[in-house]
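Can you build the whole structure from these sequences, using the hints too?
There are 4 protein chains.
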Amino acid sequence: MEQYEIRTDLALEATETMQCHGSGEIRGVELEEYDVLEDVHITKVKIVTKNAAKIMGKPVGTYITLESPALEEWDEDYHRDISEELAHCIREIMPDMQEEKSVLVIGLGNRDVTADSLGPSTVDQLFITRHMLKEYGKKAYNVEHMHEISSLIPGVMAKTGMETAEIVKGVVTETHPDLLLVIDALAAKNVKRLYRAIQITDTGIHPGSGVGNHRNGLTNASLGIPVIAIGIPMVVNASTIVDCALERLAGKNQKFCDSLEYFRNSEDTQLHNMYVTAKNIDETTKRLSYTLSEAINIALDMED
Amino acid sequence: MEQYEIRTDLALEATETMQCHGSGEIRGVELEEYDVLEDVHITKVKIVTKNAAKIMGKPVGTYITLESPALEEWDEDYHRDISEELAHCIREIMPDMQEEKSVLVIGLGNRDVTADSLGPSTVDQLFITRHMLKEYGKKAYNVEHMHEISSLIPGVMAKTGMETAEIVKGVVTETHPDLLLVIDALAAKNVKRLYRAIQITDTGIHPGSGVGNHRNGLTNASLGIPVIAIGIPMVVNASTIVDCALERLAGKNQKFCDSLEYFRNSEDTQLHNMYVTAKNIDETTKRLSYTLSEAINIALDMED
Amino acid sequence: MEQYEIRTDLALEATETMQCHGSGEIRGVELEEYDVLEDVHITKVKIVTKNAAKIMGKPVGTYITLESPALEEWDEDYHRDISEELAHCIREIMPDMQEEKSVLVIGLGNRDVTADSLGPSTVDQLFITRHMLKEYGKKAYNVEHMHEISSLIPGVMAKTGMETAEIVKGVVTETHPDLLLVIDALAAKNVKRLYRAIQITDTGIHPGSGVGNHRNGLTNASLGIPVIAIGIPMVVNASTIVDCALERLAGKNQKFCDSLEYFRNSEDTQLHNMYVTAKNIDETTKRLSYTLSEAINIALDMED
Amino acid sequence: MEQYEIRTDLALEATETMQCHGSGEIRGVELEEYDVLEDVHITKVKIVTKNAAKIMGKPVGTYITLESPALEEWDEDYHRDISEELAHCIREIMPDMQEEKSVLVIGLGNRDVTADSLGPSTVDQLFITRHMLKEYGKKAYNVEHMHEISSLIPGVMAKTGMETAEIVKGVVTETHPDLLLVIDALAAKNVKRLYRAIQITDTGIHPGSGVGNHRNGLTNASLGIPVIAIGIPMVVNASTIVDCALERLAGKNQKFCDSLEYFRNSEDTQLHNMYVTAKNIDETTKRLSYTLSEAINIALDMED
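Chains as they are written, first to last, in the working numbering: chain A, 1 to 304; chain B, 1 to 304; chain C, 1 to 304; chain D, 1 to 304.
Do not take every clue at face value.
Which copy is meant is left open, so a pair is good if it fits within one copy or across any two.
To be verified - Simulated crosslink set (DSS-like; lysine-lysine; CA at most 27 Å straight-line):
#	residue 1	residue 2
1	K279	K192
2	K54	K44
3	K134	K279
4	K286	K192
5	K192	K44
6	K46	K192
7	K139	K101
8	K54	K192
Simulated from the structure, these hints should not be mistaken for lab results. As the structure is a computational prediction, the values presented were derived from the model and not from experiment.
Below is the structure:
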């Protein structure tokens, strides 16, 4: 059943779907898993070959996913622990940052749509240093080494009339950062991943992915600098949960498997543009954006 | 298949479910339907007997539902037309308002959760007169007749520590309104009704219904004055869309109908507390609350 | 110069004005001052006689003011220290709370007007227990003793059409709390007190005071239970800063003192309804409401 | 008394101050005034010579100011009339727009600080066409001629770490607009101008002006395309109202004029970073941004 389109931004879920459809180990995909802290599960997916990329529907590169049910609950101390763990993952995927670098962090998404506001909210809480370092030097912070951090919330195309890629490219050309971090809300396939997984990848952002699909690609190839994308699944397409249920049902009743495809399509049509979300999404977004911003602040702190 | 629990706040959908399950005309339920304007459909459901109330899972009383795909789109002029049509429906269900009355409008729900903020947002935009009439009389407005309008946004139990019913009862006892209007976000069964139907009923609000279940009943019986509830479906439970798909599937493949029930329950568990919503819910809520507030303002205007 | 009207909600400033006008020690007013922590100054003003109340323009009772420049800056740890110090002050002024009590906290003001939103923002962050204790008892929290905390954000009269006092009275009658805490934004006379002073008083709230003047009195006399009011100066009337400058100038040039009064009145007219505020008021309000909510949570915690 | 620094972004007020200090007609400054509608006053200030620019503290160019007390009140129909009048003024100052042009509108300021959010709020409500025209052509709107409108809310330097000018320059270089419109909150000298005046100028934005001072210049010289700035006074510096009162007082008591300067400075110090604003600024900003966005939408509509 390879015809099942994978509606997920998580490489981890793409892997699962492949395995689930009997592919077992996928050639050209390297998997590594381990647990940290109390209940934090980390999965590294490396897509190594172009063929694997095609099968997975995800570009060649590294995808680290940190999963924890604790992400959805509120324990201030534990969130700090998770932020630190997340900072490790970000550092692992970042290029060498031993020397002082200039980093531009982009918050994608629409700040007026709760599920899509993760990027803007995260960026709002970052520790920004570039303007101070430019004006007063490192004595402003009384430190020996410090990265120049800047940030931008470009807005969505429906509101700006511009591709996000145009805006970011212009600003990159003008301010010459060494590295781009991009924060975005993702779509998952499985509701159990909602608000409970954080994906970090060195592949950047590709057209058509993400909740709002609000942009062209932001990649090393298009911008000329490394692009690291960090995201959390904030929605599941409504049609996905129906599809998944039908798929599981088909697994159990092989005989009517064929009639399912047609039925599935007619069901999905009316669920177009509908999303599955938890009721307390406003609070959850606030909390996750804080955890994310803390992780980035730690990862970019040279004294840490 | 009467065992299918009806997860909807709309009497109209309860009726449909009954009919759909082969009940045809339901004894003790009177139905009337007609179209107005371009594409506005109005349905009146009267539950007349206690037995019908039990079958329908809704109290005895009148339920008027105004449905229009235009509600979800934005055409300022047409929304005004709908507001006026809605005002007619509200007036039809209100007790005699020929003489000056005192009306308290309650906005139920959590203003910090978008899908649940319909009540607070609507009430925020009402034309409030009570304090001016008390202080300066009708000359403040240069009119001959005017109702005393007041409003309250009680908040949700998790934030107040009090049942909404306690707060409302206290305020009713202190300020003696003649009529209570209650605005609330509803849950629908069918995604096609999301943001596209408005229900007005003289039965008030009953425990356990509504998006947030944030209150005890607000009824004529509990408060001693007529209570009219106005609501719009803002969410569909995620499990409902899976159930509906499975139900439709079962209709087509009678043989595996039995195994479906068990499967359904296991699917539903993981969708607990998940809701289906459209992506642009923030904007939709803003618009619908405006249309609703206009309708109430018109319905309560004695000069109109 | 008793004709100088005292436009301040702070008893401390009323005292200063008196002293400043040569009254020195004021009969019937007891003053006590001390410092705690690094730079926190605490002043206790007790107005003991009716005559002193008349002169001061404030009711008989106790007013504790905690002042610190640190309140306006952001140091998370130090704000925690201040919250604890503030909790001491609140406990000092509260009636005996050895036994379990029911406490209703009211957040006065308009949540849509930044300077007036201190009350609603503070109440939004409180630890509310009443509904859980009513439903599950103390085992819900695994504690031996716990106060029943509830809260209400009544809204402002222009939006509700009701006096805040009517709403509060109704809810008090219905839910029978033992104690009322009322949080409100205050007006100061001196800009140096903006965001830097917290006043706690057992006199409750009196008509005409406060930023928005949005309510009748909330006092022990009107409600039948102790009422403690906690507030922070969030605005200074614009005319006040002109008056203060002119007053200081007059002190230095006695001869044209007489012509000043007429001039002052004409200046003040155009400043009617204008307020002096700092640019970062949105952030300041957020921070102060957090510090205040923490203090109240500590003061009402029986295990602490 | 030329030493009086002019703390205003309005050329109109700079003119008044000059005249007020006895300069009468100012060489190199052309003034024209007329009334439209019921109570809308329009003033055109043309600064023609470099010398006049130096005296006025404003660059050479044209400044049109539309003033009306009605701006601060809410009459939907009248605001529409004002929007149309304002659209005339904008068209008058814009370069020839007979042919289709590409226009980028920038909303300066901090959206989280109410008084500074005029620019972002206005831009949020604009009719954006560029992405649709690029994707579907003019048939998307069923029109013959249409400008390409895009917009950007760059954020403030404290949050982005970049000069606004860097961000705008990058985006201009990437997307090649023909014209830049910049919306910003201004500072006035006289409180009577707060929320009641709209200034349009072809001089762009210059460093150090504006409420937040959050940017380098945005001018024809720096960007290579015409830059039109549109702004409304949203704050008056607190020290300004004291200075103005003292100045007026000095005008009446010439003898103590000398001692005033020293006194003034000591008064001003404590008012540093304080602003005068009206209480209902949140609502006022919402309304003004709507009026402004309507005016820009009309001015850029080729069919109108």
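Each hint tested on the structure:
In this homomeric assembly, K279 and K192 come within 27 Å of each other (Cα to Cα) both inside a single copy, at 14 Å, and across copies, at 20 Å. Proximity of K54 to K44 under the C-alpha cut-off of 27 Å is restricted to the intra-copy arrangement: shortest distance 18 Å within a copy versus 55 Å between copies. When the C-alpha separation of K134 and K279 is checked against a cutoff of 27 Å, the pair qualifies only between copies, where the shortest distance is 24 Å, while the shortest distance within a copy is 44 Å. For the identical chains of this complex, K286 and K192 are intra-copy neighbours only, at 19 Å inside a copy versus 30 Å across copies, given an alpha-carbon limit of 27 Å.
Taking the shortest Cα distances, K192 and K44 sit within 27 Å of each other inside one copy (19 Å), while across copies they are farther apart (40 Å). Within a single copy, K46 and K192 get their C-alpha atoms as close as 23 Å, which meets the 27 Å cut-off; across copies the closest is 41 Å, which misses it. For a Cα distance limit of 27 Å, the shortest separation of K139 from K101 inside one copy, 17 Å, qualifies, whereas the shortest one across copies, 47 Å, does not. Taking the shortest Cα distances, K54 and K192 sit within 27 Å of each other inside one copy (26 Å), while across copies they are farther apart (36 Å).
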